[in-house]
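Protein chains: 2
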Amino acid sequence: MSERPLILISNDDGVSAKGLRELTEVMRLFGDVLVVAPDGHRSGMSNAITVDHPIRLIKTVDEEGYQVYKCSGTPVDCVKLAFNQLLDRYPDFVVSGINHGSNSSISVVYSGTMGAALEGCIHGIPSIGFSLNDYEPEADFSRAKIYVARVFQQVAENGLPPFVCLNVNIPKGDVKGVKVCRQTSGKWVEEFDKRTDPHKREYYWMAGSFQNFEEEVDGTDIAALENGYVSVVPVNADMTCYQTFDSMKSWRF
Amino acid sequence: MSERPLILISNDDGVSAKGLRELTEVMRLFGDVLVVAPDGHRSGMSNAITVDHPIRLIKTVDEEGYQVYKCSGTPVDCVKLAFNQLLDRYPDFVVSGINHGSNSSISVVYSGTMGAALEGCIHGIPSIGFSLNDYEPEADFSRAKIYVARVFQQVAENGLPPFVCLNVNIPKGDVKGVKVCRQTSGKWVEEFDKRTDPHKREYYWMAGSFQNFEEEVDGTDIAALENGYVSVVPVNADMTCYQTFDSMKSWRF
Numbered sequence: 001m002s003e004r005p006l007i008l009i010s011n012d013d014g015v016s017a018k019g020l021r022e023l024t025e026v027m028r029l030f031g032d033v034l035v036v037a038p039d040g041h042r043s044g045m046s047n048a049i050t051v052d053h054p055i056r057l058i059k060t061v062d063e064e065g066y067q068v069y070k071c072s073g074t075p076v077d078c079v080k081l082a083f084n085q086l087l088d089r090y091p092d093f094v095v096s097g098i099n100h101g102s103n104s105s106i107s108v109v110y111s112g113t114m115g116a117a118l119e120g121c122i123h124g125i126p127s128i129g130f131s132l133n134d135y136e137p138e139a140d141f142s143r144a145k146i147y148v149a150r151v152f153q154q155v156a157e158n159g160l161p162p163f164v165c166l167n168v169n170i171p172k173g174d175v176k177g178v179k180v181c182r183q184t185s186g187k188w189v190e191e192f193d194k195r196t197d198p199h200k201r202e203y204y205w206m207a208g209s210f211q212n213f214e215e216e217v218d219g220t221d222i223a224a225l226e227n228g229y230v231s232v233v234p235v236n237a238d239m240t241c242y243q244t245f246d247s248m249k250s251w252r253f
Numbered sequence: 254m255s256e257r258p259l260i261l262i263s264n265d266d267g268v269s270a271k272g273l274r275e276l277t278e279v280m281r282l283f284g285d286v287l288v289v290a291p292d293g294h295r296s297g298m299s300n301a302i303t304v305d306h307p308i309r310l311i312k313t314v315d316e317e318g319y320q321v322y323k324c325s326g327t328p329v330d331c332v333k334l335a336f337n338q339l340l341d342r343y344p345d346f347v348v349s350g351i352n353h354g355s356n357s358s359i360s361v362v363y364s365g366t367m368g369a370a371l372e373g374c375i376h377g378i379p380s381i382g383f384s385l386n387d388y389e390p391e392a393d394f395s396r397a398k399i400y401v402a403r404v405f406q407q408v409a410e411n412g413l414p415p416f417v418c419l420n421v422n423i424p425k426g427d428v429k430g431v432k433v434c435r436q437t438s439g440k441w442v443e444e445f446d447k448r449t450d451p452h453k454r455e456y457y458w459m460a461g462s463f464q465n466f467e468e469e470v471d472g473t474d475i476a477a478l479e480n481g482y483v484s485v486v487p488v489n490a491d492m493t494c495y496q497t498f499d500s501m502k503s504w505r506f
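Line by line, the protein sequences are chains H and R. First residue of the first sequence: 1, per my numbering; consecutive thereafter. First residue of the second sequence: 254, per my numbering; consecutive thereafter.
Isolated chain H, as found in the complex (with noise of 0.2 Å):
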């Protein structure tokens, strides 16, 4: 058996984008990698599972050390087959990405990357989930590369509490170095594009903007980002608000 480190990797742009391909390249300096990915965009998935479906799983890599499944489901769908019926035991490591596009501030909720990590996390795995704030199919990843070496040998080093994985956002271009900061607050505003189709059907495209309501403040992953600098969010599994507690208790149900 392989002392490596045994490391899932999964994504929600899907098995053929260049960020997966980049990060298993770095990925598999460090451990033997399974990869187990989307067979196309699944950008926007959160924490879906599907249940309703049967789901395809088909081998397109076999090497010693190195295999690669593409996935008819989700990026948690991904991650779970991968624990249920690929693996033997747990991996050492969830690494989801990278990325193309930032999942800074709210998008942390909506993002398919990091619906993986999470899952990785819930699991008791150290899990990152890893993104760069430029959404080009053949956006440089050379930089970036750079910083999910370092950031995971933090991991490595250190461990996570279970539930808890990292949101790490990557600048576009040069990097001043790396920040561990909070969710900052905003919310995606949608303007959906209403059409008509060929049979005089309705149907709506999605399109939206992102709203920040709190520009510039020191300590959030947005300001890390715009000002040059890698963001890293522990991402917390259990969603109770426990300062919310407090004011409930005069509630009268």
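Simulated from the structure, these hints should not be mistaken for laboratory data. Because the structure is a prediction, the values reported are computed rather than measured. Worth double-checking, as some hints may not be accurate.
Claimed, not checked - The calculated DSS-like cross-link candidates involving lysine-lysine, where the alpha carbons are at most 30 Å apart (straight line), are: (1) R:K502 to H:K172; (2) R:K323 to H:K194; (3) H:K70 to R:K440; (4) H:K194 to R:K312; (5) H:K187 to R:K323; (6) R:K447 to H:K70; (7) H:K59 to R:K440; (8) H:K187 to H:K145; (9) H:K59 to R:K453; (10) R:K432 to H:K249; (11) H:K249 to R:K425; (12) H:K18 to H:K187.
Keeping the supplied structure of chain H fixed, place chain R upon it in accordance with the hints.
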């Protein structure tokens, strides 16, 4: 203009689900109601949004103070479409459910019903997801509806902080009362059912069993439910794990 509050309703079991009809019946006592719900099952859709396909939206009921739309998208799509395309102003409340089956513990992360509620609070609207701990399509919601009304009235009276919604789970049988709880620590362990189709290609059905990491611990939502109480968990759209900041101070990137 009506002075009654405006209440947006969605769910993930679809527009035809009994739980949605029952919730609508309760909410129409309190205000004008707009229902925008998926045109079929969207269980496990989490906070997923539809960015890769067009979305269809069809009006099925148009009465004074009561409209219903069915939508081809996810629960979050429904809420976003209502905000952007169907309403002149934000609704006063977003309520989601009543889900057929519990969304306690880690299920909050996968639930489309909770996805709709979370979307509401991200936009600053007091929002509640309701679930009954009974998966039957013809479940008896009569007792549940009393507690739906009670929790809704408390939210109407006290409000909720922005970025915080409520995850309300209601036991199947008799109800002893209501408890404000935290999310139980636990995970779903998948047991995929691997089959072969008539064309000799393999496929998988997701199935799972819940593993509770803290059996019968007081203050958790599952303990409340199992002891006959309605569990009310305040859920935070800020997923930052602030407790992890301290331990990350020593990290050297």
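Quiz item: Holds or violated: H:K18 with H:K187, Cα cutoff 30 Å?
Solution: Holds, at roughly 28 Å.
Practice problem: Assess, step by step, whether the Cα of R:K323 is no farther than 30 Å from the Cα of H:K194, and give holds or violated. | Solution: holds (16 Å)
Exercise. Assess, step by step, whether the Cα of R:K447 is no farther than 30 Å from the Cα of H:K70, and give holds or violated.
Key: holds (16 Å)
Quiz item: Within a Cα-Cα threshold of 30 Å, do R:K432 and H:K249 meet the stated pairing?
Solution: holds (10 Å)
Self-check item: Restraint check for H:K59 with R:K440, where alpha carbons must lie at most 30 Å apart
Solution: holds (27 Å)
Practice problem: Would you check the hint for H:K187 and H:K145, treating anything up to 30 Å between C-alpha atoms as holding? | Solution: holds (29 Å)
Quiz item: Is the hinted pair H:K187 and R:K323 satisfied, with a Cα-Cα distance of at most 30 Å?
Solution: Distance of about 25 Å is within 30 Å: holds.
Quiz item: Would the pair H:K249 and R:K425 pass a check requiring their Cα atoms to be no farther apart than 30 Å?
Solution: Within the cut-off at roughly 25 Å; holds.
Practice problem: Decide if the proposed pair is consistent with the structure: H:K194 and R:K312, CA atoms, cutoff 30 Å inclusive. | Solution: holds (15 Å)
Quiz item: Holds or violated: H:K70 with R:K440, Cα cutoff 30 Å?
Solution: holds (25 Å)
Quiz item: Can the restraint linking R:K502 and H:K172 be considered satisfied, given a maximum Cα separation of 30 Å?
Solution: holds (25 Å)
Quiz item: Straight-line Cα separation of H:K59 and R:K453 no greater than 30 Å?
Solution: At roughly 16 Å apart (the allowed maximum being 30 Å), R:K453 and H:K59 satisfy the hint.
Comparing the model with each numbered hint stated earlier shows that all of them hold.
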